[in-house]
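Could you slot chain Y onto chain P? The hints should help.
Spelled out, the chains give:
Number of protein chains: 2
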Amino acid sequence: MLYAACDIGGTNTQAALIDNQGKISLSIKRPTRQESAKALLDGAERILAELFETGGTDPAGLSGLGVGVAGVIDAVTGSVIYAPNLPLKNIQVTARLAKRFGVPVILENDSTMAMLGETSFGAGKGAKNIAMMTIGTGIGGGFLCDGKPVRGARGAAGEIGHMVIDINGPKCRCGRQGCLEALAAGPAIAARARAILIKTPEPGYLMRLTGGDPKKITGEMVAKAAADGDPAAIRVMEETGRFIAAGCANIINLFDPQKVILGGGVMEGGELLLASVRRALKETRLTSAFKADDIVPAALGNQAGLAGAAALFGQR
Amino acid sequence: MLYAACDIGGTNTQAALIDNQGKISLSIKRPTRQESAKALLDGAERILAELFETGGTDPAGLSGLGVGVAGVIDAVTGSVIYAPNLPLKNIQVTARLAKRFGVPVILENDSTMAMLGETSFGAGKGAKNIAMMTIGTGIGGGFLCDGKPVRGARGAAGEIGHMVIDINGPKCRCGRQGCLEALAAGPAIAARARAILIKTPEPGYLMRLTGGDPKKITGEMVAKAAADGDPAAIRVMEETGRFIAAGCANIINLFDPQKVILGGGVMEGGELLLASVRRALKETRLTSAFKADDIVPAALGNQAGLAGAAALFGQR
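Order-wise, the sequence lines are chains P and Y.
Quick note: the first sequence uses numbering that gives the first Met the number 0, first residue 0, plus one each step.
Quick note: the second sequence uses numbering that gives the first Met the number 0, first residue 0, plus one each step.
Bound conformation, chain P alone (with noise of 0.2 Å):
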């Protein structure tokens, strides 16, 4: 059996050929069009056809696609019902890419096709409860339970980036205070790295990756310069450890997991980050019998929404 994926981003749409086993044959990047609900879904259909093409392959003898949005889908019309990245509003997108391409379409959330990915195919293959969380420009991520997806009443779960873990804290672009994703994902990695240097401009190592200028500071270049051993970037990296690591036990308590799967951008090589945040759990009492080793890195990278497109079909 194969089957085509289409994730379509914020930044880029990928399209994707794989097989029932969540391995993938071709795929193809391009810009996702932003101008306009019609320009995006012409330019997902151009870039299906292109990989149709380059693949040989007869859309028709597909088994299936799978389509994953960044936004609060309706899984029953087929629609995406809200997406804050993309000019999506109450727009229907599986009748007609069903038409397009004489297969059956499915329409999903991201974040929850990535988990669907790593459950079926990587990180938590075989487990029935997981929880997965992405930590890169956002914290997004997906549960599953007793085996299946949890999409909520309308299709909105998963926000794990907006909890509050600490609600005093920073604000948030939610516009909350002290959301995990307002401590933990990249930017906020980055700010407290930059306060760090601001208070302290002796020329370290982290200073000398900005060029000199906090303000050039990422989130990447603090993670590189922990890896690197610079001790300020070490200090912000731990304490981000700490921050996952309050967020994986709110979780835990709350879905009780076989393994929580930590992936996105923040975790690329971030060996350093996993066992702070390995470490900080081990000093957090749980409710339920979690390990901290079962806190695991994600296995398929940005390619864990292609793979789920396959399981998808396995699902419904």
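Treat each hint with caution, since some may be false.
Since copy identity is lost for identical chains, a pair holds within one copy or between any two.
[Said to hold, decoys possible] The calculated DSS-like cross-link candidates involving lysine-lysine, where the alpha carbons are at most 30 Å apart (straight line), are:
{"#": "1", "residue 1": "K290", "residue 2": "K147"}
{"#": "2", "residue 1": "K170", "residue 2": "K37"}
{"#": "3", "residue 1": "K88", "residue 2": "K127"}
{"#": "4", "residue 1": "K147", "residue 2": "K124"}
{"#": "5", "residue 1": "K290", "residue 2": "K88"}
{"#": "6", "residue 1": "K170", "residue 2": "K28"}
{"#": "7", "residue 1": "K215", "residue 2": "K290"}
{"#": "8", "residue 1": "K170", "residue 2": "K281"}
{"#": "9", "residue 1": "K88", "residue 2": "K37"}
{"#": "10", "residue 1": "K88", "residue 2": "K281"}
{"#": "11", "residue 1": "K147", "residue 2": "K127"}
{"#": "12", "residue 1": "K198", "residue 2": "K214"}
{"#": "13", "residue 1": "K98", "residue 2": "K223"}
{"#": "14", "residue 1": "K223", "residue 2": "K281"}
{"#": "15", "residue 1": "K98", "residue 2": "K147"}
{"#": "16", "residue 1": "K88", "residue 2": "K223"}
{"#": "17", "residue 1": "K98", "residue 2": "K28"}
{"#": "18", "residue 1": "K170", "residue 2": "K124"}
{"#": "19", "residue 1": "K223", "residue 2": "K147"}
Derived from the structure by calculation, the hints contain no laboratory data.
Small disclaimer: the values here were computed from a predicted structure and weren't measured.
Coordinates of chain Y only, in the frame set by chain P:
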């Protein structure tokens, strides 16, 4: 169809006869025997025997017996794995009661059973995605996702009270800091009111309720004083409402439920507290379209668990 229920709590064990609409025709309450697992289970058997005798009911004619225990349970083996306030550790429960009374027995966590009672017959009737939060001496809860209770990998899900919302907040009995329970359960409410009274020992209404000794204050006194218009008590209850709303908002962003049901002793007669939770939630940006009025009070009081026993048999 007639069912029996047995709800084993840290203080009392309740038993009841219920129909398949969750209607209780007879219920009795006796102290829970705490000396040993044997004493506790012998006691539960005696309470059930008394129930059947009083009701003139042949237990072998019942459609099922649902047993709720305040602890981590293994639904598959029908055992209590661990119960923080009961002498039960890896104790098989269902086979013993099934043999004694000749009736099918299902064991469930008490909070999950109460949640099933409210979602089947009470404040969440008809909804498939519900969160319930029970606020008393501690804070517990349960989730219904897509029509199924969330139990987690080890039956330990739903520990809403041990979700940290203030990472620098007061120490919780679980060992973490700033758990919802450490901020909004009965003892936390009493502690905050006590701190105010000690600082401003004017002979106000709340102080009179304590007989002039701030140490004697309880959560119930604070609730009563707030209802009667005492300004210090109102301040404490409004702050409590903000903490509960923060917890609700986290749960809404994670699960996207249709409703959040608030129950437990602290909520009883708590018009003022419910209003302040809703007010705080109105000012909170949520990722889902949840409305403040979807925070609703529990309808079945401390009989939700007993009613839930009937729902258990429909669930599995």
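Hint check results:
| no. | hint | in the structure |
| --- | --- | --- |
| 1 | K290 to K147 | both (23 Å within a copy, 26 Å between copies) |
| 2 | K170 to K37 | neither (35 Å within a copy, 53 Å between copies) |
| 3 | K88 to K127 | between (32 Å within a copy, 25 Å between copies) |
| 4 | K147 to K124 | both (13 Å within a copy, 22 Å between copies) |
| 5 | K290 to K88 | between (41 Å within a copy, 20 Å between copies) |
| 6 | K170 to K28 | neither (34 Å within a copy, 49 Å between copies) |
| 7 | K215 to K290 | neither (38 Å within a copy, 40 Å between copies) |
| 8 | K170 to K281 | both (28 Å within a copy, 18 Å between copies) |
| 9 | K88 to K37 | within (11 Å within a copy, 60 Å between copies) |
| 10 | K88 to K281 | between (43 Å within a copy, 23 Å between copies) |
| 11 | K147 to K127 | both (8 Å within a copy, 14 Å between copies) |
| 12 | K198 to K214 | within (13 Å within a copy, 45 Å between copies) |
| 13 | K98 to K223 | neither (47 Å within a copy, 63 Å between copies) |
| 14 | K223 to K281 | within (25 Å within a copy, 41 Å between copies) |
| 15 | K98 to K147 | within (28 Å within a copy, 34 Å between copies) |
| 16 | K88 to K223 | neither (38 Å within a copy, 47 Å between copies) |
| 17 | K98 to K28 | within (23 Å within a copy, 63 Å between copies) |
| 18 | K170 to K124 | neither (36 Å within a copy, 37 Å between copies) |
| 19 | K223 to K147 | neither (37 Å within a copy, 44 Å between copies) |
Hints 2, 6, 7, 13, 16, 18 and 19 from the earlier list are contradicted by this structure; the remaining hints agree with it.
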